[in-house]
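Peer 1: Here is what each chain is made of, one letter per residue.
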Amino acid sequence: MIRVHVSPDPIDLTGEMMRVEQGNVGAVASFCGLVRADDGVDVLELEHYPGATEAALERIAQTATERWSLQGATIVHRVGPMRPGERIVLVVTAAPHRRDALDACAYLIDSLKTDAPFWKRETRGDQASWVEARDSDTAAASRWQA
Amino acid sequence: MTILYFAWVRERVGLAEEALALPDGVASVADLIRWLAARGGGYAEALAEPERLRAAVDQNFVGLDASIVGAREVALFPPVTGG
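Each protein sequence line maps, in turn, to chains A and B.
Position one of the first sequence corresponds to residue 1 (the working numbering), numbered consecutively onward.
Position one of the second sequence corresponds to residue 1 (the working numbering), numbered consecutively onward.
In case anyone wonders, no lab produced these hints; they're calculated from the structure.
One thing to keep in mind: the hints can contain errors.
[As the list claims (entries may be wrong)] Which chain A residues stay away from chain B? Per the calculated CB distances, all over 12 Å, these: (1) N24; (2) I109; (3) T114.
[Said to hold, decoys possible] Which chain B residues face chain A? A few, computed with CB under 8 Å, are given here: (4) F6; (5) W35; (6) Q59; (7) A75; (8) F77; (9) P78; (10) P79; (11) G83.
No residue lacks a Cβ here, since even glycine has one placed at the ideal position from N, Cα and C.
Put together the whole structure using the sequences plus the hints.
Peer 2: Right, here's the structure in full:
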C-alpha cells in the first residue's frame with residue numbers, strides 16, 4: 001500500500017489516484033505540485049540521490065502509515081528537466097475516512113520537502129541558479145513533530 | 001571510500017563522485033570536509049562554509065560531527081529543496 005516512484009517521466013495524475021481506490025477505501029486525498037514560472041523560469045531541473053531518495057520517501061510514507069489509519073500512501077516525484085506548468089510531485093493517500101487521508105497527505109508533502117534529497121536548479125534564459133532551502137518549509141515540517 | 005557530491009557542491013568540485021583513500025585522523029564528516037577543502041580549487045570553493053552543507057553516511061542523513069569510520073559511501077550536498 002506504500003508506493004514510491006521517482007522518475008523523469010510525466011506524472012499520471014488519474015492513474016495514480018485510481019491505483020489507491022481499492023478495497024474498502026472511503027477517502028482519497030491528494031496534493032500535486034506544479035513548476036511555477038517565478039520571475040521568468042524557463043526550466044526547472046531536479047537532481048536527486050538515487051537509492052537514498054527512494055529510501056527517504058519510503059521512510060516518510062512508513063511513518064505516515066504508523067501515525068494515521070491509511071489504506072494507501074503514494075509519493076511520485078519527477079526528476080530531470082521540467083517546464084512551468086508541469087507536475088513535479090504528487091502525493092496520494094487513501095483511508096476509510098477523510099481526516100486521516102487529509103492529514104496524512106499534508107504530512108507527506110511537508111516532510112518530503114525537508115527530509116528527501118532533491119535539489120532544484122532554475123534556468124532563466126542563459127542564467128542558472130540553485131534554489132535555496134526555505135525556513136518556511138522547515139517550519140511546515142516541524143509542526144508535525146508534536 | 002566513495003564520496004558523492006550533489007547540486008552546487010557537485011558543480012564546484014567538478015565531480016559527481018570519486019573513490020578516495022582517507023588518511024588516519026579523518027574520522028568524521030567535518031574532518032572529511034576540512035581535508036577535502038585543503039585540496040584547494042573547486043574543493044575549497046565548494047566546502048569553504050561547512051555550515052551550508054549537509055551529509056549522508058551510507059545513505060543515512062547525519063550531522064557533520066558523525067563518524068565516517070568504516071563507511072562505504074559519504075555524500076556531501078546543500079540543504080534539500082524538493083517537492
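Peer 1: Against this structure, judge whether each hint is valid.
Peer 2: These are the hints, each one checked on the structure:
no., hint, in the structure
1, N24, "holds (30 Å)"
2, I109, "violated (6 Å)"
3, T114, "violated (7 Å)"
4, F6, "holds (6 Å)"
5, W35, "violated (22 Å)"
6, Q59, "holds (4 Å)"
7, A75, "holds (6 Å)"
8, F77, "holds (7 Å)"
9, P78, "holds (7 Å)"
10, P79, "holds (4 Å)"
11, G83, "holds (4 Å)"
Hints 2, 3 and 5 from the list above are not met by this structure, while the remaining hints are.
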